[in-house]
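**Student:** Listed below are the residues making up each chain.
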Amino acid sequence: MARYALVIDSRRCIGCHSCTVACRVHNDLPIDMIYNPVTTVGPTGVFPNVHMVHIPLLCMHCANPPCVDACPSAASQQRPDGIVWVDEKKCVGCKACVMACPYGARIPNHEKGTVQKCDFCKERIDEGLRPHCVETCHQKARIFGDLDDENSEVYKLVHGEHSIRLLKELGTDPYVFYIYGWEV
Amino acid sequence: MKHKEEGWGWMLAVDFFFAGMGGGMLLIAGIADFLLGEGNTSVLGNFLGAFCIAIGACFLILELGRPLQAWRVFMNPRAILTFGAWTMTIAIGAGLIYASFGLKMLPWSDWVILRKLMALGCIVTGLIVATYPGVLLGRHKSRPFWNGPGMIVLFLFSSLVTGGAAHILSAAILPAYYPGGLSGLPLMVALLLGFQLIFWVGYLWVKISGTTEREAKAARKWLKGNFSGKFIYGFLLIGTLLPLVLLLFPGTGVIALGAFLALLGGLLMRLLVVYSGEDRTWLPGEECYRARLPLGTEEFLKAWNTK
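Residue numbers (the working numbering), protein chains in the order written: chain B, 5 to 188; chain W, 14 to 320.
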């Protein structure tokens, strides 16, 4: 069984928000919902040593997802391949998962009364395709693949580069990895 | 920075208030039955305990995005909300059955063993209902003000205070069969208010001085930020210190006023605590990013949504 992960190489990200737009268009999200924001840190430093980094955020598809444990209706689920998703039919919109998620990755849909999130475009993955955000990133800053496959690019990046995970001290064991050019 | 709020709202705080007060009332009624015997708490108060939990459950349902699907919250045994929902349901049942023993026209009103069993049920479920919001909030790792076991103590004390205050007000409307049995209840509530005050001071002190910077930042809001006025003047002075003093004076009217203010303090505390959960541990650049997002009240968004 695969264990899907995403590596974000922030050295390549130019903050164009193409991933944000692609995600919203393909998932048909309301105007005020974003699964996939891109934040900016900086510019910092003094000329000529000035730095700025763009950090795409999304669901971390944690190995220990607090959102799944918090969900009283069992709508939040995790597949064996690690993808965390929401069964909309079961979701009651209690927002327990919104409060439990340390990454702000869950967004209430006020029209439907449910909570939604990035699911790595699981229907595409089941067809052997890549998520829309990965497909659309022209800088190839997003690398998606199977972390259990030693020949995959994500495996090599995670084990070879200096990759970090956000808020790993919380013990959620996120499966989105970041490669920074400098310390944020 | 102001940003769009996507978390729990005031209805959950009102749920915590009513459920906590009801749980505290059941707990006090059950303990009074075991220590002093039947008829020491007002029948009105015994019924109100169960009704308050039911009112709290109604607010919890209204808070849901899909209220008609509320039955689904009973479905995940791993979730603490599911545990709370089941406990509240059992507490309502145990509370109503226990309160019915005060209606002497009912044929089971002299079944002592069943009454004692229901009193035990009220103690256990009342204690859990009174405490569980603290457990629910304290487990949120990324909510710096909530995280930790301190919330459990704060919610337990507040539930006992509001439960005791509600029993005082109920007894003022419909006295118990043996009103002398719980004559010391105002003093007990005053003592609990004193303990609550000490715990709040200690909680904020520890959060500000003995934890991470993000927890200190969240706690400083309560003393110098946008929560400070409501917390210091509303909760500490009007909702805690003033009722503490009033409950020490003799006279039904003064004590009832003190009990009422203690209830207001309990409600305000829960509102402030729930809203303090907006403070999340931010990711790099996230707070700035979210502050730039529309709040949903902008003209262009209204125009877009009505297209």
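Rather than coming from a laboratory, the hints here were simulated on the basis of the structure. Computed from a predicted structure; not experimentally measured. Any given hint could turn out to be false.
To be verified - In silico contact screen, one side only, chain B against chain W (beta carbon under 10 Å); selected entries:
1) T44
2) I111
3) K121
4) Y159
5) L161
6) G164
7) L170
C-beta: ideal position from N, C-alpha, C; glycine also.
**Student:** All hints are to be evaluated individually against the structure, with a verdict given for each.
**Tutor:** Tested hints:
no., hint, result
1, T44, "5 Å, holds"
2, I111, "7 Å, holds"
3, K121, "12 Å, violated"
4, Y159, "25 Å, violated"
5, L161, "20 Å, violated"
6, G164, "23 Å, violated"
7, L170, "6 Å, holds"
In the structure shown, a violation is registered for the earlier hints numbered 3, 4, 5, 6, in ascending order.
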